[in-house]
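Mind assembling these two chains? They're in different frames, but the hints should get you there.
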Amino acid sequence: DAKTTQPPSMDCAEGRAANLPCNHSTISGNEYVYWYRQIHSQGPQYIIHGLKNNETNEMASLIITEDRKSSTLILPHATLRDTAVYYCIVRVDRDDKIIFGKGTRLHILP
Amino acid sequence: EAQVTQNPRYLITVTGKKLTVTCSQNMNHEYMSWYRQDPGLGLRQIYYSMNVEVTDKGDVPEGYKVSRKEKRNFPLILESPSPNQTSLYFCAIRTREGDTQYFGPGTRLTVL
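Note that the protein sequences, when read in sequence, are chains H and B. Be aware that the first sequence starts at 73, since it is given in this note's numbering, and climbs by one per residue. Be aware that the second sequence starts at 139, since it is given in this note's numbering, and climbs by one per residue.
Warning: the hint list may mix true and false statements.
Claimed, not checked - Computed cross-link-like contacts, BS3-like style, restricted to lysine-lysine with a CA-CA straight-line distance of at most 25 Å:
no.	chain 1	residue 1	chain 2	residue 2
1	B	Lys156	B	Lys203
2	B	Lys195	B	Lys156
3	H	Lys174	B	Lys195
4	B	Lys195	H	Lys75
5	B	Lys207	B	Lys155
6	B	Lys156	B	Lys209
No wet-lab data here; the hints were simulated from the structure. Keep in mind that this is a model prediction, so the values were computed, not measured.
Just chain B, with the same shape it has in the complex (with noise of 0.2 Å):
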């Protein structure tokens, strides 16, 4: 069964600070993804990435960078967290002839 962990599950940090959360996946899936979700707005896709060294942007790419070096992992980066980014994160993996994303257990990221 397709296994996507996410660290941390929750975080609160300040203005400016840099973090990381990073997504991992055992299936050797190709693509992956990160979405943000927050209240009245639905999930809505940051980046995703089709392979290894291939990434692209989603709908709410700002603020966020990605990198994909190598296949089961997918990082997410916050280089200056801002307020507007406390949001429930969900990172999503699938194969590339798969019509399924199988998604992860989420991060509640809270920026004071």
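Same shape as in the complex, but just chain H (with noise of 0.2 Å):
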């Protein structure tokens, strides 16, 4: 079972900085927290990942909580081609044996 919750979906204004929360509550100390997203049928493309810091990259921010038992996708500034289905992903550095969940269903809204 996937070892993370998720909203099945949200809506976003295009433009607008979305937010996308995940829970981990079971979270162990040598997991990483990932992010991918899929668009429509195509193969899942990687987001992010930390353990726990913050992290930035050219496509999102990821902020984990201190406890490190829920985290957040942020796209600063969403558009129309960030509407897909987001997956947070628990998993042990390097452990090819990952579980998707069901993710999150993003709309962005023109």
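Here's what the structure looks like:
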């Protein structure tokens, strides 16, 4: 079973920041938080990952709470091309056996 | 840039007719995996391979076989396909040291 809980869907206005939450209350000390997204039926695309510090790259920012039981993916200026299903995953670093949950379907509204 | 190729991209077949879905990579990555994606169930791992001649079962291996005779290829074999194997299949790769997986474009399989 997936070890994360995400809302099934969210809406965000184009140009605004999209904040996608994820709960992972049973995360272990050696497990990382990863985010992927899947546009329509394409292969999932890596976005970002982190252990306990907040992370930022050219696509998004990842905010992890101090107790590591939840995190938020932030897309700073959402565009229509960001419409996708976003998956939050916890896994041991470099463990190839990963479990995708049902994700959050993000709708960007024009 | 990592590239994963899957063939065929679409396939309609009948129950019991053996088929193979190929997966090839151009990056010499050690790790390769197969997933299936079904509505309401998300992505589930079928098999994975950590290197040549090393394969392990994922969460839903029943009805599938894989082989890893060379590093660049990781074919998925359905010896006797059944309708419940109708699904969208993805191959994924990553390096031994890598943190992220790169997914192929997907193969949509329909078993009648």
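Right, here's what the structure says about each hint:
The suggested pairing of Lys156 of chain B with Lys203 of chain B holds, with an alpha-carbon distance near 11 Å, which does not exceed 25 Å. For the hint linking Lys195 of chain B to Lys156 of chain B, the alpha-carbon distance of about 20 Å falls within 25 Å, and the restraint holds. Proposed proximity of Lys174 of chain H and Lys195 of chain B is supported: the alpha carbons are some 21 Å apart, at most 25 Å. Our distance criterion of 25 Å between C-alpha atoms is met by Lys195 of chain B and Lys75 of chain H, whose separation comes to about 20 Å.
For the suggested pair Lys207 of chain B and Lys155 of chain B, the alpha carbons sit about 23 Å apart, so the restraint of at most 25 Å is met. For the suggested pair Lys156 of chain B and Lys209 of chain B, the alpha carbons sit about 24 Å apart, so the restraint of at most 25 Å is met.
Checked against the numbered hints listed earlier, the structure breaks none of them; every hint is satisfied.
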